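Residue strings, one per chain:
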Amino acid sequence: MSECLQRIWRFGDSINTDDILPGKYAPFMVGETEFQRYAFAHLRPEFAADVRPGDILVGGRNWGLGSSREYAPQALKKLGIGAIIAKSFARIHYRNLLNLGIPAFEAPELVELLQDGDNVRYEWAEGIVHRGAESFSLPKPPLFLHEVLAEGSVLAYYKKYKKFPGEGRLS
Amino acid sequence: MTYDLKGLTLAERILSVRSGRRVKAGDLVVVPVDQVMVVDSIAPSVIRLLKEELAGEIRYPERVSFVIDHVAPAANVEVATTQKQVREFAREHQINLFDVGRGICHQVLIEERLAQPGWVVVGSDSHSTIYGAVGAFGTGMGATDIALAVASGRTWFRVPETVRILFKGSRPAGVTAKDIALEVVRVLTADGATYASIEYHGTETFSLSERMTLANLAVEAGAKVGLVPTVGEALGAYEVPDWLAVDEASYETTVEIDLSGLRPSLSVPFFVDNVHPVENHLGVPVDQVFVGTCTNGRLDDLRAVAAILEGRRVAERTRLLIIPASSTVLEQAVADGTVATLLAAGAVFGTPGCGPCMGRHMGVLAPGEVCVSTSNRNFMGRMGSPEAKIFLASPEVAAASALAGAIALPETPSFGGDR
Ligand code: SF4
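If you read the protein sequences in the order shown, they are chains G and C. Here the first sequence is numbered in the numbering used here, starting from 1 and rising by one per residue. Here the second sequence is numbered in the numbering used here, starting from 1 and rising by one per residue.
If you're looking for bench data, these hints aren't it; they were derived computationally from the structure. This structure is a prediction, so every number in the text was calculated from the model and none was measured. From the three backbone atoms N, C-alpha and C, an ideal C-beta is built for every residue, glycine too. One should not assume that every hint holds.
Here are the computed lysine-lysine pairs in the BS3-like style, where the Cα-Cα straight-line distance is at most 30 Å [unchecked claim]:
| id | chain 1 | residue 1 | chain 2 | residue 2 |
| --- | --- | --- | --- | --- |
| 1 | C | K51 | G | K78 |
| 2 | G | K77 | C | K51 |
| 3 | G | K162 | C | K389 |
Partial list, computed: chain G residues near chain C (C-beta under 7 Å) [said to hold, decoys possible]:
| id | residue |
| --- | --- |
| 4 | R95 |
| 5 | N99 |
| 6 | E134 |
| 7 | F136 |
| 8 | F144 |
| 9 | E147 |
Next up, chain G with everything else stripped away, as it sits in the complex:
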């Protein structure tokens, strides 16, 4: 993981899939190459232009509630989001994040500590976020998640190994 600093983008509670990518900007409406430019178009219009690869999104409760649309997290993936840290995630959306290989951490205490615009250094494998001299640990991602992220997504993992991460070892 690179040594450069990543920006924190802080959001509130109940960020739904329509906030992440409004339905009218779905890929079949604006095109497969364009739709990520509308991520958070209503909530934070400057986001898609200003976000840099590796930046971290921080959210409150029930991140990603609403529809099961996979193209909402797909837009974040295309923008190169490094991770999402939230107080909690909505279930179908959480799976979509894993399927796309976007690290997602449920860490309510950390959410309280991180501020919008903070610059941090982030090592997901070690599970540590550094802000200046401070460092915060993330809940340890399961081995499963490590393996997913190493390959890019559950789909990529399955294509390569013809099994799911952890399968065989789990039983």
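Starting from the known structure of chain G, arrange chain C with the ligand on it as the hints suggest.
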């Protein structure tokens, strides 16, 4: 069995047996999937993923069902074209195909016994929690997860914590499974059971149809699964494995609900957990009453409506639209005279399927219109115009409102009684 199931919840039991080791909430498991259900509107994405990403692998075609129900019959050329592709793909790969008019995915799978006690069933539709009505671990997923399940015959889960709902007391006349299901969502709130399994205890006397209504609405509290213990006569026709019997399990939370305190309820726009007694909204003029969906489109629901409408006429200002949940429901309702009673009362029938539930065809709402619906979501714009209002209710309240032309309670004594 080389492992012990003592003290495990229903969700833990099913995932333990399916993964071949004792697992607890929080563990990750990979399990074989007994049935994968794919609806018409998601099937094209799944087919694309299978063809382009997964080399056309389909591990167990007999464990895959495509159901053409969300926009059936096709509403336009575009939909007709994708449905044609879905049919061709199903035939080519010997996938079960339930075509136009057979009914709503969830209803069809349960009628066809493609969901069974102890099974793992995944569907490309969030209301797949309904399979918990027969003691199956049923849950909804996005297109990639579904495609992977079709290709591999397996899927992964984090074993959920369990919220135990414990029903106490007996329900007053007129309080239906829908009112009880809405009460659970009200008490838990829209994210109160996120990731969790809801187990519904105190349901021994509930019919299969009532269990389906309960489990169907589990997802409206954010739940992963909604499991009804397989105890009671309702499951008489099923083979229930011994290991599915619950003993003293450790539950994350227990919520007691006293049924004797419930009243007929409405879920008021625009959120499902915004539940209030019908009394609070009496007299609101109603343009359309919709009886149907995977929540309340079964034979007992149609009969309840017919019992209230028998020998009477729907109000002139109100359209009563009835869409049976399946062709089987329709056949039975024709055979026993329910359909004749409803037609005589002025009801209009649609092809078994989802109908206007998600606002694509066959009864969408205009701006300013009010609909009393037996469905499960009242989000803004769900059934058409974002300026329309949807009140979710039981079939009984829907019928009474159709008669009155306004939100109404059924009058006693036809109000309630044995269902
Ligand atoms: S009837 Fe409505 S809720 Fe049920 S599967 Fe169809 S669209 Fe979904």
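Verification of the supplied hints:
no.	hint	result
1	C:K51 / G:K78	holds (23 Å)
2	G:K77 / C:K51	holds (23 Å)
3	G:K162 / C:K389	violated (48 Å)
4	R95	holds (6 Å)
5	N99	holds (4 Å)
6	E134	violated (29 Å)
7	F136	violated (22 Å)
8	F144	holds (5 Å)
9	E147	violated (11 Å)
Hint compliance for this structure: hints 3, 6, 7 and 9 are broken, all remaining hints hold.
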